[in-house]
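From first to last, the protein sequence lines stand for chains A and B. Per this note's numbering, the very first residue in the first sequence carries number 5; after that it's consecutive. Per this note's numbering, the very first residue in the second sequence carries number 2; after that it's consecutive.
If you are wondering where the hints come from, they were derived from the structure by calculation, not from laboratory data. Incorrect hints may appear among the rest.
To be verified - Quick list of simulated restraints, FRET-style, between CB atoms: (1) A:T194 - B:N355: 57 to 65 Å; (2) A:P199 - B:D260: 55 to 63 Å; (3) B:S325 - A:R147: 51 to 59 Å; (4) A:G150 - B:D55: 46 to 54 Å; (5) A:T187 - B:G154: 27 to 35 Å; (6) A:D156 - B:P261: 53 to 61 Å; (7) A:S246 - B:G74: 25 to 33 Å; (8) B:S325 - A:S78: 37 to 45 Å; (9) A:G249 - B:R165: 31 to 39 Å.
Claimed, not checked - Here are the simulated EDC-like pairs of lysine to aspartate or glutamate, each with C-alpha atoms no more than 16 Å apart in a straight line: (10) B:K147 - A:D37; (11) B:K275 - B:D40; (12) B:K281 - A:D200; (13) B:K323 - A:D54; (14) B:K450 - B:D171; (15) B:K115 - A:D174; (16) B:K147 - A:D99; (17) B:K275 - A:D211; (18) B:K115 - A:E173; (19) B:K275 - B:D314; (20) B:K275 - B:D289; (21) B:K224 - B:D207; (22) B:K313 - B:E335; (23) B:K313 - B:D40; (24) B:K275 - B:D291; (25) B:K188 - B:D55; (26) B:K275 - B:D84; (27) B:K221 - B:D207; (28) B:K147 - A:D67; (29) B:K287 - A:D211; (30) B:K287 - A:D200; (31) B:K313 - B:E39; (32) B:K287 - A:D196; (33) B:K188 - B:D58; (34) B:K287 - B:D84.
Bear in mind the structure is a predicted one, so any value in this text is a computation, not a measurement. Backbone N, C-alpha and C define an ideal beta-carbon position, used for all residues, glycine too.
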Amino acid sequence: MVTRPIVRRRRRSRHSVSRPTGALEAFLGAERDGLAARSFGLLTAADQQDVGSAASWAASSADRPRPVTFTITSEAVTAEGEQISVDVSRQPSLDQFSGFVSARAAQTWRVVRDGTTWRVAAEPFAENPMLPPMAAAASVVDRWLGASSDCDRSGAVSLQGVPDLIGPEDLANAPCRERGSWTVAGPVLTLDRAPDAQTFVEAYGPDVGTWTRLVPVRGPRTHFFVATAPLGDDWRVIGVTSDGG
Amino acid sequence: MYRFRRLLLIPLLGVGLMLAGVLPTHASSHREAPLISEDPVADDTDVYAFVSPDRPDTVTLIGNWIPLEEPAGGPNFYKFGQDVLYQFKIDNNADAVPDIIYEFRFQTQVLNSKTFLYNTGPITSLDDSHWNVRQTYSVARVDHGKRTMLASGLATPPDNIGPRSTPNYDALAASAVHTLGNDGDAKVFAGQRDDPFFVDLGSVFDLAGLRPFNQAHLVKEPKANGIDGVGGYNVHSIALQVPIDRLTANGQKPSGATDPNAVLGIWSQTERRKTRVLGKNGQQPKSDGDWVSVSRLGMPLVNEVVIPLGQKDRFNASTPAKDSQFLSFVQNPEPAQLIPVLYPGITVPPAPRNDLVSIFLTGIPNLNMVPNGKPAEYIRLNTAIPPSAHPNPLGVLGGDTAGFPNGRRLADDVTDIELRALAGATPFTPQFNKSPNNLLGDGVDANDKPFLSAFPYEATPWQGYDHTHHRVGP
Numbered sequence: 005m006v007t008r009p010i011v012r013r014r015r016r017s018r019h020s021v022s023r024p025t026g027a028l029e030a031f032l033g034a035e036r037d038g039l040a041a042r043s044f045g046l047l048t049a050a051d052q053q054d055v056g057s058a059a060s061w062a063a064s065s066a067d068r069p070r071p072v073t074f075t076i077t078s079e080a081v082t083a084e085g086e087q088i089s090v091d092v093s094r095q096p097s098l099d100q101f102s103g104f105v106s107a108r109a110a111q112t113w114r115v116v117r118d119g120t121t122w123r124v125a126a127e128p129f130a131e132n133p134m135l136p137p138m139a140a141a142a143s144v145v146d147r148w149l150g151a152s153s154d155c156d157r158s159g160a161v162s163l164q165g166v167p168d169l170i171g172p173e174d175l176a177n178a179p180c181r182e183r184g185s186w187t188v189a190g191p192v193l194t195l196d197r198a199p200d201a202q203t204f205v206e207a208y209g210p211d212v213g214t215w216t217r218l219v220p221v222r223g224p225r226t227h228f229f230v231a232t233a234p235l236g237d238d239w240r241v242i243g244v245t246s247d248g249g
Numbered sequence: 002m003y004r005f006r007r008l009l010l011i012p013l014l015g016v017g018l019m020l021a022g023v024l025p026t027h028a029s030s031h032r033e034a035p036l037i038s039e040d041p042v043a044d045d046t047d048v049y050a051f052v053s054p055d056r057p058d059t060v061t062l063i064g065n066w067i068p069l070e071e072p073a074g075g076p077n078f079y080k081f082g083q084d085v086l087y088q089f090k091i092d093n094n095a096d097a098v099p100d101i102i103y104e105f106r107f108q109t110q111v112l113n114s115k116t117f118l119y120n121t122g123p124i125t126s127l128d129d130s131h132w133n134v135r136q137t138y139s140v141a142r143v144d145h146g147k148r149t150m151l152a153s154g155l156a157t158p159p160d161n162i163g164p165r166s167t168p169n170y171d172a173l174a175a176s177a178v179h180t181l182g183n184d185g186d187a188k189v190f191a192g193q194r195d196d197p198f199f200v201d202l203g204s205v206f207d208l209a210g211l212r213p214f215n216q217a218h219l220v221k222e223p224k225a226n227g228i229d230g231v232g233g234y235n236v237h238s239i240a241l242q243v244p245i246d247r248l249t250a251n252g253q254k255p256s257g258a259t260d261p262n263a264v265l266g267i268w269s270q271t272e273r274r275k276t277r278v279l280g281k282n283g284q285q286p287k288s289d290g291d292w293v294s295v296s297r298l299g300m301p302l303v304n305e306v307v308i309p310l311g312q313k314d315r316f317n318a319s320t321p322a323k324d325s326q327f328l329s330f331v332q333n334p335e336p337a338q339l340i341p342v343l344y345p346g347i348t349v350p351p352a353p354r355n356d357l358v359s360i361f362l363t364g365i366p367n368l369n370m371v372p373n374g375k376p377a378e379y380i381r382l383n384t385a386i387p388p389s390a391h392p393n394p395l396g397v398l399g400g401d402t403a404g405f406p407n408g409r410r411l412a413d414d415v416t417d418i419e420l421r422a423l424a425g426a427t428p429f430t431p432q433f434n435k436s437p438n439n440l441l442g443d444g445v446d447a448n449d450k451p452f453l454s455a456f457p458y459e460a461t462p463w464q465g466y467d468h469t470h471h472r473v474g475p
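Between the sequences and the hints, there should be enough to build the whole structure, so can you do that?
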């Protein structure tokens, strides 16, 4: 088979790739602007080889949340190169294909020297989503319980991050089915408190534990956890799961 | 144009001569590689791609998973993996990189976990409360790296259990055909169907035997008709019917068969999370890491008998853009080397087999080859060739350019076609396009159930109640 060389016209960038931060800014700027060929050209040689081609990099861009804005916050020298921290904002989303994309995140990137220029790794080696206040999750669940116990389907859906909740249907339907008082029954918890978190992992990816929060709820006979996700500046209900009781 | 078709019309010689050459073949991609054979819900058995016979402005893509489903598979009947990412990938500019991807994810709902039953009464609709274990799915389309959610919460039909549980199965399945209004009114279906593939598995794996040619084998057996080894089994199918202009590079229906935008490259890729950790005390396994490819399928046969055992898992994990690493296996396939051993006196073209490179990796000139396209193993479909009014199961070899290897239809007899191609019985190698090479076949020429005339085309799945897994055939 004949492998054709990739002909790439270099774009002039206002960011100087002769500095580590300049390389990362150029890379994130290209990703922001949808210029996959440009961002591919800024990858480390190892990552370029691993990806294969600029076309493959472009084809996979749906799996890389596109930054809307970014601000470099710190820069550190390590044995492997430079570590650069950056705050990014993105369009928040949640689905079974892209997983969770937070509205804001703190990322750490590795940038390595290549002759007189610097090159960027294909993905940040650390990312921490910036979450809204946890207490707000309980408030959203309280309103969702109110709508659900009134059997107000559209009202409940308006507080959900996804149209179809993850988890057992009998729990999701319990507030409408069991007449009586339904209340938030405890403080907001992390996902590792759920006996069965795997359903959420399968649906939304292995990082689900870093951003999902559980709110315990209790009705006349049934009690369970309501799972919430931070979509934008607020929390939204994404599923239900047993509390093990 | 259609030079290849004209060559195919050269009269066959010596059709009465019943010497037989044989090549080992396989269920198209059922359990074809060591790792995926242990992971049936992610094991893609076959991919089909054809211009829809009843809607010729659309292309139908079908992928089947879970090989050899026994219809009486209760109490935990078969279902899609909810920890699996199922995909159709389409290359519309011949660079072997997907330009459009359709993605599918499944979710399982158990209404009542305190019973062992799949259903607690007859299932008469897709929201019937008697149906205890059900699946819904989401569909997304990635177009040049931009993902759009097309639908979520789409219902699958139940498995076909029996007259008490699924009394009107055809109506249930028909109600699980959904329209994707935000994708040109594409249609989608996911659920159990009859396995449309047909092949004599039992004989083929018995030292590459073909029952009609048993007397020509090194180890002789009485001549017999073929037996459909996948007959009576079901699969889980994802079928998608998309307007052609939603798939082409320029967003238009091709102007003709020579339009460079007419040819689509199509394959499936099935992915799992990188790691899976089992839990104690019956806890659900935990998945972690990025998605990695565990099954990949375009043209039938290639990973089955062309790629050697030590490379099969690598092939499933790879992508068409990196197929140059497998070129030598296509140029000098092991099956061709076995022929003189198993069938003394039969000859096939010598390596390098550039004829097979055309059929499997580049496309056939003036049919489905894109000039300067990158060699890659996937189905090539010229969408400007209309459906045939009289389809020939031998496809292009039978003078029907709307069939395999121009795309792949359900009724195409890819086993016989590929046997003959491997034996050199094509116009590429005219000196071998003669008897017995051009008569090769496993003796199974059609599916054990008739196909439907409309989407999703595959036949109703076998039901468990009245189906004993009998021998299909004489």
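Consistency of the hints with the structure:
no.: 1; hint: A:T194 - B:N355: 57 to 65 Å; in the structure: holds, 60 Å
no.: 2; hint: A:P199 - B:D260: 55 to 63 Å; in the structure: holds, 58 Å
no.: 3; hint: B:S325 - A:R147: 51 to 59 Å; in the structure: holds, 57 Å
no.: 4; hint: A:G150 - B:D55: 46 to 54 Å; in the structure: holds, 50 Å
no.: 5; hint: A:T187 - B:G154: 27 to 35 Å; in the structure: holds, 29 Å
no.: 6; hint: A:D156 - B:P261: 53 to 61 Å; in the structure: holds, 55 Å
no.: 7; hint: A:S246 - B:G74: 25 to 33 Å; in the structure: holds, 28 Å
no.: 8; hint: B:S325 - A:S78: 37 to 45 Å; in the structure: holds, 43 Å
no.: 9; hint: A:G249 - B:R165: 31 to 39 Å; in the structure: holds, 37 Å
no.: 10; hint: B:K147 - A:D37; in the structure: holds, 13 Å
no.: 11; hint: B:K275 - B:D40; in the structure: holds, 14 Å
no.: 12; hint: B:K281 - A:D200; in the structure: holds, 13 Å
no.: 13; hint: B:K323 - A:D54; in the structure: holds, 11 Å
no.: 14; hint: B:K450 - B:D171; in the structure: holds, 14 Å
no.: 15; hint: B:K115 - A:D174; in the structure: holds, 12 Å
no.: 16; hint: B:K147 - A:D99; in the structure: holds, 14 Å
no.: 17; hint: B:K275 - A:D211; in the structure: holds, 13 Å
no.: 18; hint: B:K115 - A:E173; in the structure: holds, 13 Å
no.: 19; hint: B:K275 - B:D314; in the structure: holds, 14 Å
no.: 20; hint: B:K275 - B:D289; in the structure: holds, 6 Å
no.: 21; hint: B:K224 - B:D207; in the structure: holds, 14 Å
no.: 22; hint: B:K313 - B:E335; in the structure: holds, 14 Å
no.: 23; hint: B:K313 - B:D40; in the structure: holds, 14 Å
no.: 24; hint: B:K275 - B:D291; in the structure: holds, 6 Å
no.: 25; hint: B:K188 - B:D55; in the structure: holds, 13 Å
no.: 26; hint: B:K275 - B:D84; in the structure: holds, 11 Å
no.: 27; hint: B:K221 - B:D207; in the structure: holds, 12 Å
no.: 28; hint: B:K147 - A:D67; in the structure: holds, 9 Å
no.: 29; hint: B:K287 - A:D211; in the structure: holds, 12 Å
no.: 30; hint: B:K287 - A:D200; in the structure: holds, 10 Å
no.: 31; hint: B:K313 - B:E39; in the structure: holds, 14 Å
no.: 32; hint: B:K287 - A:D196; in the structure: holds, 12 Å
no.: 33; hint: B:K188 - B:D58; in the structure: holds, 13 Å
no.: 34; hint: B:K287 - B:D84; in the structure: holds, 10 Å
No hint from the list above goes unmet by this structure.
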